[in-house]
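Residue numbers (our numbering), protein chains in the order written: chain A, 1 to 286; chain B, 1 to 258.
Certain hints may be false.
Calculated lysine to aspartate or glutamate pairs in the EDC-like style (CA-CA distance at most 20 Å, straight line) [what the hints assert, rightly or not]:
#, chain 1, residue 1, chain 2, residue 2
1, B, K114, B, D125
2, B, K107, A, E172
3, B, K141, B, D125
4, B, K97, A, E172
5, B, K133, B, E122
6, B, K12, B, D59
No wet-lab data here; the hints were simulated from the structure. Computed from a predicted model, the values in this text were never measured in an experiment.
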Amino acid sequence: MSPRLNDRVLTLVLSGAAIVSGGLVLLVFLFLAKQSLPAIVSVGISRLFFDSHWHPTATNPQFGVWPMIAGSCLVTIGAIGWALPVGLGTAVAIEFYSFKYVMGFLTRFIELLGGVPSVVFGFWGLVSLVPAISYFHPPGQSLIAGILVLGLMVAPTVALTSLTAIRSVPSEYRRGAVALGVGRVRFICSIVVPTAARGIAGGALLAAARAIGETMAVLMVCGNIPQIPKNLFEPIRTVTANIALEMGDDTVFHRSVLFLTGLVLMLVVMIILGIVEPFRKRVAYE
Amino acid sequence: MIAPPGNAIEVKQLQVRYGSRTVLGDVNFSASRGKVTALVGPSGCGKSTFLSTLNRLTDLVPGCHVSGEIWVDHCRIDSPDCDLGQLRRRIGMVFQKPNPFPMSIKKNIAMPLKEHRFAKSEINDRVEDSLIKAGLWNEVKERLNHSALRLSGGQMQRLCIARALALEPEIMLFDEPCSALDPVSSDVVEDLIASFRGQLTVLIVTHNLSQANRIADDVSVFWIRENTGTIIESGPLKRVFSAPQDPIAGAFLQGRRG
Chain A
1 MSPRLNDRVL
11 TLVLSGAAIV
21 SGGLVLLVFL
31 FLAKQSLPAI
41 VSVGISRLFF
51 DSHWHPTATN
61 PQFGVWPMIA
71 GSCLVTIGAI
81 GWALPVGLGT
91 AVAIEFYSFK
101 YVMGFLTRFI
111 ELLGGVPSVV
121 FGFWGLVSLV
131 PAISYFHPPG
141 QSLIAGILVL
151 GLMVAPTVAL
161 TSLTAIRSVP
171 SEYRRGAVAL
181 GVGRVRFICS
191 IVVPTAARGI
201 AGGALLAAAR
211 AIGETMAVLM
221 VCGNIPQIPK
231 NLFEPIRTVT
241 ANIALEMGDD
251 TVFHRSVLFL
261 TGLVLMLVVM
271 IILGIVEPFR
281 KRVAYE
Chain B
1 MIAPPGNAIE
11 VKQLQVRYGS
21 RTVLGDVNFS
31 ASRGKVTALV
41 GPSGCGKSTF
51 LSTLNRLTDL
61 VPGCHVSGEI
71 WVDHCRIDSP
81 DCDLGQLRRR
91 IGMVFQKPNP
101 FPMSIKKNIA
111 MPLKEHRFAK
121 SEINDRVEDS
131 LIKAGLWNEV
141 KERLNHSALR
151 LSGGQMQRLC
161 IARALALEPE
171 IMLFDEPCSA
181 LDPVSSDVVE
191 DLIASFRGQL
201 TVLIVTHNLS
211 QANRIADDVS
221 VFWIRENTGT
231 IIESGPLKRV
241 FSAPQDPIAG
251 AFLQGRRG
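From just these sequences and the hints, can you work out the full model?
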């Protein structure tokens, strides 16, 4: 095989793979749209945001999905809100504050934590976290329970991506800072974190994407009442939990409405990514 | 700031090991105050390692073990009660590859000053002052808040020098400061280093013997003996170049070895 032919075959194979993976995403999107179509036609998108309640199968049906979108967003923001500082702190601690052999062990442990199935986290949340919360503020199944469990689930992702980002900071900066007598704290705060900010933000986004799509754990600990919570201790229902809870109902129309809510969630995520993207680009200092 | 006479640096029986490998052994060295001392020798004979023992940058290298005596201004820097922050304020260091931090030109200089607890009012003065001393002020005064990473290689290197000068060090260590620069920038940086003579004690590692010839008062020749780097000849530049006591050093300085 001549090198040129070789190259052409590789190009063909690789572009084929790229088309397949890109095409699959498009197909999923089209499938979602097609399944949602009956609901879009008979209900319309606006009722999802203007109806006040969620009773899709009642005789006088209501399709207000926005409390659940709010639930999804709140639980995700809350989870990232604490997983980001904890994950970043862990990464900094591993890289700058622990001994080498502890570091290896800790990194393995975090990788392991990242691989624990979400239902296990949910189960743990249900049997130990929820009762603890209900002791302070019943009913226990609540937004805060979801935030705590989800944050625990995504913190390893944040820690590992932050660690990668921190390690990619050039070692010349370290030597330069040390040679100037700059201490570890200032070095971390004014050089390492800003330089790695892009990677850290990327990791946080990845974690947020996982958190907003997470279903099982939030379903188990959040109480599943579709409402806008007035405080952290009120139950919420996320869009994903709603789909999982109601998909057993096999009327075609109900299912179509559920697909529509999934489509809306996907659009919300895309809009959020669209808003965040320019900021991510601006973070890099140059 | 004219330095008092005497030796700024005294090194006795220095040995440096990386794990089980001895990279420097039996090193005895002294640097006169206010003079420029060039450290020359073939690659891999421990010149850079030697330089980084003086401000204890070797602490950063896992498995690196330094023994012997290192005196900086009659103070043993290898003792446990040596104040490292203070030591590194007094000894500036510039590396082969310019390493400005990814922040503005001004912050590059202000950040270490903040670390050493200089007052805010003084920081601004020192930023300007050090940039003037490094011959960079006129080129950057309009864009102090721009990223330092947009400067040219030579400008970056002078910023790194300014950053160290702002802390008013008594000693400056240069680890091949010109070898990553184009010829014109290299000349500018070389002239700048030469201008420190009489004010600062300068140690400069260089592979460029004619550069050493142009700017140094004293020279130390490093060589590898029995797989270990050591100093085989030291003294005033003219004497070492014209009448070396060590034949290998003589051959190296004439370009016949190394």
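Verification of the hints:
no., hint, verdict
1, B:K114 with B:D125, "holds, 13 Å"
2, B:K107 with A:E172, "holds, 17 Å"
3, B:K141 with B:D125, "holds, 13 Å"
4, B:K97 with A:E172, "holds, 8 Å"
5, B:K133 with B:E122, "holds, 16 Å"
6, B:K12 with B:D59, "holds, 19 Å"
The structure is consistent with each of the numbered hints, conforming to all of them.
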